[in-house]
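Visitor: With the hints as your guide, set chain U onto chain E.
Here are the chains, one letter per residue:
2 protein chains.
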Amino acid sequence: MDDIFSKNEPFIIENVFFNDRNADIFIGGDGRIGSIGPGTAKKCSGDAAFSIDGKGALVLPGLVNTHTHAAMTLLRGYADDMPLQEWLADKIWPLEANLTGKDVYLGTKLACLEMIRSGTTAFNDMYFFMEDAARAVDEMGIRATLAYGFIDLFSEEKREHEIKATENMVKTIRAMNNPGIQPALGPHAIYTVSPEGLKWIAGYSAGEDLPIHIHLSETEKEVNDAVSQWKKRPAEILDECGVLGDRTIAAHCCWLNREECALLGKRGVHVSHNPVSNMKLAVNRAMPYHWLKEEGVNVCLGTDGCASNNNLDLFEEMKVAALLQKFSWNSQTLLPAGEALHMATTAGARALGLGTGSLTAGSPADLILVSRHTACNTPFHNPVSNLVYSCNGGAVETVVCNGRVLMHERVIPGEEKILAEASEAAFDLVKRTTQ
Amino acid sequence: MDDIFSKNEPFIIENVFFNDRNADIFIGGDGRIGSIGPGTAKKCSGDAAFSIDGKGALVLPGLVNTHTHAAMTLLRGYADDMPLQEWLADKIWPLEANLTGKDVYLGTKLACLEMIRSGTTAFNDMYFFMEDAARAVDEMGIRATLAYGFIDLFSEEKREHEIKATENMVKTIRAMNNPGIQPALGPHAIYTVSPEGLKWIAGYSAGEDLPIHIHLSETEKEVNDAVSQWKKRPAEILDECGVLGDRTIAAHCCWLNREECALLGKRGVHVSHNPVSNMKLAVNRAMPYHWLKEEGVNVCLGTDGCASNNNLDLFEEMKVAALLQKFSWNSQTLLPAGEALHMATTAGARALGLGTGSLTAGSPADLILVSRHTACNTPFHNPVSNLVYSCNGGAVETVVCNGRVLMHERVIPGEEKILAEASEAAFDLVKRTTQ
Chain E
193 MDDIFSKNEP
203 FIIENVFFND
213 RNADIFIGGD
223 GRIGSIGPGT
233 AKKCSGDAAF
243 SIDGKGALVL
253 PGLVNTHTHA
263 AMTLLRGYAD
273 DMPLQEWLAD
283 KIWPLEANLT
293 GKDVYLGTKL
303 ACLEMIRSGT
313 TAFNDMYFFM
323 EDAARAVDEM
333 GIRATLAYGF
343 IDLFSEEKRE
353 HEIKATENMV
363 KTIRAMNNPG
373 IQPALGPHAI
383 YTVSPEGLKW
393 IAGYSAGEDL
403 PIHIHLSETE
413 KEVNDAVSQW
423 KKRPAEILDE
433 CGVLGDRTIA
443 AHCCWLNREE
453 CALLGKRGVH
463 VSHNPVSNMK
473 LAVNRAMPYH
483 WLKEEGVNVC
493 LGTDGCASNN
503 NLDLFEEMKV
513 AALLQKFSWN
523 SQTLLPAGEA
533 LHMATTAGAR
543 ALGLGTGSLT
553 AGSPADLILV
563 SRHTACNTPF
573 HNPVSNLVYS
583 CNGGAVETVV
593 CNGRVLMHER
603 VIPGEEKILA
613 EASEAAFDLV
623 KRTTQ
Chain U
193 MDDIFSKNEP
203 FIIENVFFND
213 RNADIFIGGD
223 GRIGSIGPGT
233 AKKCSGDAAF
243 SIDGKGALVL
253 PGLVNTHTHA
263 AMTLLRGYAD
273 DMPLQEWLAD
283 KIWPLEANLT
293 GKDVYLGTKL
303 ACLEMIRSGT
313 TAFNDMYFFM
323 EDAARAVDEM
333 GIRATLAYGF
343 IDLFSEEKRE
353 HEIKATENMV
363 KTIRAMNNPG
373 IQPALGPHAI
383 YTVSPEGLKW
393 IAGYSAGEDL
403 PIHIHLSETE
413 KEVNDAVSQW
423 KKRPAEILDE
433 CGVLGDRTIA
443 AHCCWLNREE
453 CALLGKRGVH
463 VSHNPVSNMK
473 LAVNRAMPYH
483 WLKEEGVNVC
493 LGTDGCASNN
503 NLDLFEEMKV
513 AALLQKFSWN
523 SQTLLPAGEA
533 LHMATTAGAR
543 ALGLGTGSLT
553 AGSPADLILV
563 SRHTACNTPF
573 HNPVSNLVYS
583 CNGGAVETVV
593 CNGRVLMHER
603 VIPGEEKILA
613 EASEAAFDLV
623 KRTTQ
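Residue numbers (my numbering), protein chains in the order written: chain E, 193 to 627; chain U, 193 to 627.
Isolated chain E, as found in the complex (with noise of 0.2 angstroms):
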């Protein structure tokens, strides 16, 4: 079987379930989808290098995750179920103060490998190091738009150095040269960047066409803080330096009212909805989804970084976001199936500017199947309500990223030394910060 992963040659799917019937997929050298549909495999089998056996399976569009932290995989399970403030400062940050750029490499391989294990082919990140976090996307093949995580705590100093590290990271990556990594700029929050630093990543993020992911609105303090010193709301802050337009990504947004979900739909800002982690960390708000949806915004899913979920799977964070929507605003009928699906594929995509979500001839090759001789889609009245509210990330098959083959019959090569490099990476971090 090994000789069918991360090849760029033309292959066949036979045997998937596509729009309520058998199918097949042709996939071409270019990464994209060259035919979809019944018939296919016959038409194009003289094209093909090699052909998998779909076994029936439903396929979608790659899950598109659209705020992490990647590397805190190596974090995952070190702290939990603390007050928030000594959460952070005895056990997160103490810890963080200790990463290596070998750290972030290796936990962001163990994130890349969990997500395809899940089903997510694209992810939107926001961490240190980045350089060794594109070093590692680039060798698992998915797709990532990576930001360097900006905190200038109001100072000066401070701000000429994350702009250096900011453009470096750019002309790093970008000399990478792999289209399927982009750079983005990752201002942290109103309450870690100063007004002049928000202003310089929208000057920067306008010349440079780059993308900006911020969290917004995690907290009630952050936006009780803002009113006091201020006299704004975080999302009118933000306006003013020029940071909101339809380049922009912010995460979180559990306490916008309703005048700022206004605002972010007329600049077009995409908004990543992170549940799980807004319900660990208790932050006692969901996400005004139905004022979202009312201006328009497109609003996308994330599983934020594994110290607050503790994993990566976007099959249980689109539960949990049609879970959570109706419990916390009461409505059994708000965020359904499908929209939930809807916010990890399609509008993810879109957020990202990534041309993928859609399953069409031409479209990239970013596509999952999904197993149906599984309990999970058994019976098989809904496979859209069976994808949400019934199966995990673990009945995901077979992944496909920009053409290339990751993950088939849930085999990913090289798994076992990504999870005991990553395993002994986080001993050590442990060790070195409690020594």
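Treat the hints as calculated values from the structure; they're not laboratory data.
A few of these clues could be false.
All copies of an identical chain are treated as equivalent in the list; a pair is satisfied when it fits inside any one copy or across any two copies.
Said to hold, decoys possible - The list that follows gives simulated cross-link-like pairs (lysine to any residue, SDA-like), each with its CA atoms no further than 25 angstroms apart:
#1 Lys283 to Pro528
#2 Lys199 to Asp222
#3 Lys199 to Cys236
#4 Lys363 to Gly293
Guide: Chain U only, in chain E's frame:
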């Protein structure tokens, strides 16, 4: 490998991770743990008919699902995201009106399969055609407490019918003579069973030493209707009818007030928390775990039926329970991982009076192996956190119930046939109903 399944022979599981070190387990032909700890394999190898390799997996007690309607697997995905009354009246009830004993048999087999695959070795069921459910459970080899859903709708005629149906079920199940299957009484709820019916249940339970399985305070409407009609809250009504005692498992309990929590504590009632179902159906209040805990109530975990979940994975339920309690009651420290795991194992076993739920020599061999060679257990800072927050049921490799191997390396004999037959039964059921 086929020859290791469901045998009544002594065997050894070598190389598991138990109490922070490597260990082996010897399981006797009586279905009990003979010995567990380092060196057990060497010591007991002469007495074992066969041995299996645990591959360093975490071993823990089999999970216990304390509230479900197993055969509702057939309705998985049939209807979701609808207003409650419409969902019940237009979708669920018409299908249930056409259910046959064979449907319940096949749906319960699918449910058992799904539970085994996700590490559940015992469940508490309430539904119809329970003799057929019992046959399915017997064939699948897990433990179950089975109650016929007693619904008299305040009619004497119906009550007589339900009493007979209940007595017949108890007789039939006792005659099966399977110590893993126990009959129970299933008065549906205060709004579907008359006080006379509840009193009969209480008396029959006391006389025959039978568990009681009931829905309690799932919705605000249940409370408001009770208060306006009877001037009493739901738990008070049950108490007056003698239904509250240490044989009773009350499911949901979302809308209990402080006094009702104290009453349940005083009576020794076990409470089954069903967070996924409660969120999906937007009941608008989470079970008050903090009050129940203060009152010393044994709180356990249940998935509810597949129409309102839509799976039976207790790993997912543990996570959502820990998330919902934190989010809903605004506390980052409420229901930590260790307590969630306790709810799904020891507390569940205690609620059903099984004698399982701990791994010590002499206790029944109901145990599961969770792989450590997975992303969800990498790194391994904290196994309990990983089990609750990171893993799902797919990390379960091997399941032993009552000393018999039911799944090994994710293989369950006969799986394909169970899936195919349940699938066919579900489609037939819809066809019969909607024609």
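Visitor: Checking lysine 199 and cysteine 236: alpha-carbon separation at most 25 angstroms within a copy, between copies, both or neither?
Guide: Within one copy, since 18 angstroms is at most 25 angstroms while 50 angstroms is not.
Visitor: Please sort lysine 199 with aspartate 222 into within, between, both or neither, judging by C-alpha distance up to 25 angstroms.
Guide: This pair counts as within: shortest intra-copy Cα distance 11 angstroms, inter-copy 54 angstroms.
Visitor: First find the shortest C-alpha distance between lysine 283 and proline 528 inside one copy, then the shortest across copies, and answer within, between, both or neither for a cut-off of 25 angstroms.
Guide: between (37 angstroms within a copy, 16 angstroms between copies)
Visitor: How would you label the pair lysine 363, glycine 293 (within, between, both, or neither) given a Cα cut-off of 25 angstroms?
Guide: within (17 angstroms within a copy, 68 angstroms between copies)
Checked against the numbered hints given earlier, this structure breaks none of them.
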